[in-house]
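Chemist: Here is what each chain is made of, one letter per residue.
There are 2 protein chains.
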Amino acid sequence: MDKRGTYEFRAEPFHCDFTHRLFMGHLGNYMLNAADYHSSERHFGMGYLSTIHKTWVLSRLAVEMEEMPRENERFGITTWVESAMKYFTCRNFRVASPDGSRTLGYGRSVWAMIDTRSRHPQDIFAVNDGSITEWIDAGTPCPIDKISRVKIGDGARLVRTIDTCYSDVDVNGHINSVKYLEHALDLFPLAFYAANRLKRFDIAYVAESHQGDRLSFYVETPEGAADGSGVEAGDGGNAAGEEAFSRPGIYNVRIEKHEENGAKGIEVCRCRLFFVKK
Amino acid sequence: MDKRGTYEFRAEPFHCDFTHRLFMGHLGNYMLNAADYHSSERHFGMGYLSTIHKTWVLSRLAVEMEEMPRENERFGITTWVESAMKYFTCRNFRVASPDGSRTLGYGRSVWAMIDTRSRHPQDIFAVNDGSITEWIDAGTPCPIDKISRVKIGDGARLVRTIDTCYSDVDVNGHINSVKYLEHALDLFPLAFYAANRLKRFDIAYVAESHQGDRLSFYVETPEGAADGSGVEAGDGGNAAGEEAFSRPGIYNVRIEKHEENGAKGIEVCRCRLFFVKK
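One line per chain: the protein sequences are A and B, in this order. In terms of the working numbering, the first sequence opens at residue 844 and continues consecutively. In terms of the working numbering, the second sequence opens at residue 844 and continues consecutively.
It should be emphasised that the hints constitute simulated quantities derived from the structure, not laboratory data. Be aware that a few hints might be false.
Which residues of chain A face chain B? A few of them, derived with a C-beta cut under 10 Å, are [to be verified]:
1. Glu855
2. Tyr891
3. His896
4. Phe931
5. Gly998
6. Tyr1009
7. Asn1019
8. Glu1025
9. Tyr1048
Covered stretches of chain A (in silico footprint by chain B; criterion: 3 or more residues with CB under 8 Å from a CB of chain B, positions within the stretch not fixed) [what the hints assert, rightly or not]:
10. 861 to 868
11. 871 to 881
For every residue, glycine included, the Cβ atom is placed at its ideal position computed from N, Cα and C.
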């Protein structure tokens, strides 16, 4: 069996936005599905792991697209494991036309393995005598930057607080990884998406949240980022002003949860959104 | 070509809820996809209609399920046109195991055709000399009740108001039909879904809404409905109390929009949710 797996999907009309392109959140879901198919076919998927009380947990994800699939367009997602360490594996993705001739974009992800009872990290090489190493493909290129650590300064401004609901919750009983991204993208109005497109996002997961938790979204635009120059976020970042939500560039978003009886916010994830003018 | 079309889908893990069953909203999306495939293959789909400035608009939808597809389960959706009148067509759905041997549930829908410029209803038989009539299949059974008109009394109680965002908007620039259902189902907490399941919903679309509109959700539990006796909603319905959200039975939900500068709510849709104890 090939170290890489390719899975075909179609940009369903109800998964496309008003510009007739696939929603980034749905593309993220398709990538996670491809990861699941690939690992299951090679006997290190969630299905097998659940029998030994272990599971994969997505730690970080970045996707950079030159072009999003159009409504009804078919596309393939190729995925492979770039590397494996004791506590993390790196898995890459390529999104392309079904025949593979035209690249639409790439993705990178980092995964940890945990024990489903203790929630503690597990030694990946201890599973099946480290058989995952047979599938490592360090040679296939993934020509996008490594995943950003997404540093956010103290100047980030609270822009929205939402309740989490039944439809936010995944099969594990936690808020779905991709829903954080969707809620972050929902901070921007339709007019913003008419003028700009999301070229890349980086998201780092810090803690789990559950239905009933309230989520607060803090946003900053790193200095010089609104012109799209790609400056990294830092403590010198400016709080996002109202006007900022009309400009392309980088937006850093910190998401905090407030548990039902909790006062202080606890960080659950950080994401970096990079929009370019259409 | 057969009057009926069958399309296979899979309950993707990220489209399943914490009980490991497909979300009803995703099943609704799959049905609308099946309707699009079926009509497109028979040359009366949205793609062809857009070339003559017309489109299909979903007017009503009901789905009744004996069982929801499980995580990773494959299933087929068979769809056919039961009848066509000047301004409306009725399209039915059957959800079954891929080989068709085991029925999971059924759906009914009513569609209007409109002119995309004037938004006025169009004579369906005037398109292609009424060729849609060639595809009418009045013989295939759809053994669930007709779609309810979903009457809601004045006693319905406001239980939530939400903002509509980028991810709520479909390719036509309107709030996605299925998102109304998802937001209505989100009125119930996770604990409710641990004890009960949605057996049937009926939804009637009254007006379109757009990103930026605020949506208010009014709920009533018809008298006697909380015991699951299936009593129809009427003006005698009781406002839903806090305690009601823990019991199975019928919940009627009226959704009103408040446009950005608007004061009074305008009804956009009504739905009837029927939950049974697991």
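Chemist: So, for every hint listed, does it hold in this structure?
Modeler: Okay, the hints, checked on the actual structure:
no. : hint       : verdict
1   : Glu855     : holds (6 Å)
2   : Tyr891     : violated (13 Å)
3   : His896     : violated (17 Å)
4   : Phe931     : violated (22 Å)
5   : Gly998     : violated (25 Å)
6   : Tyr1009    : holds (5 Å)
7   : Asn1019    : holds (7 Å)
8   : Glu1025    : holds (5 Å)
9   : Tyr1048    : violated (15 Å)
10  : 861 to 868 : holds (count 4)
11  : 871 to 881 : holds (count 4)
The structure fails hints 2, 3, 4, 5 and 9 (numbered hints given earlier, in ascending order).
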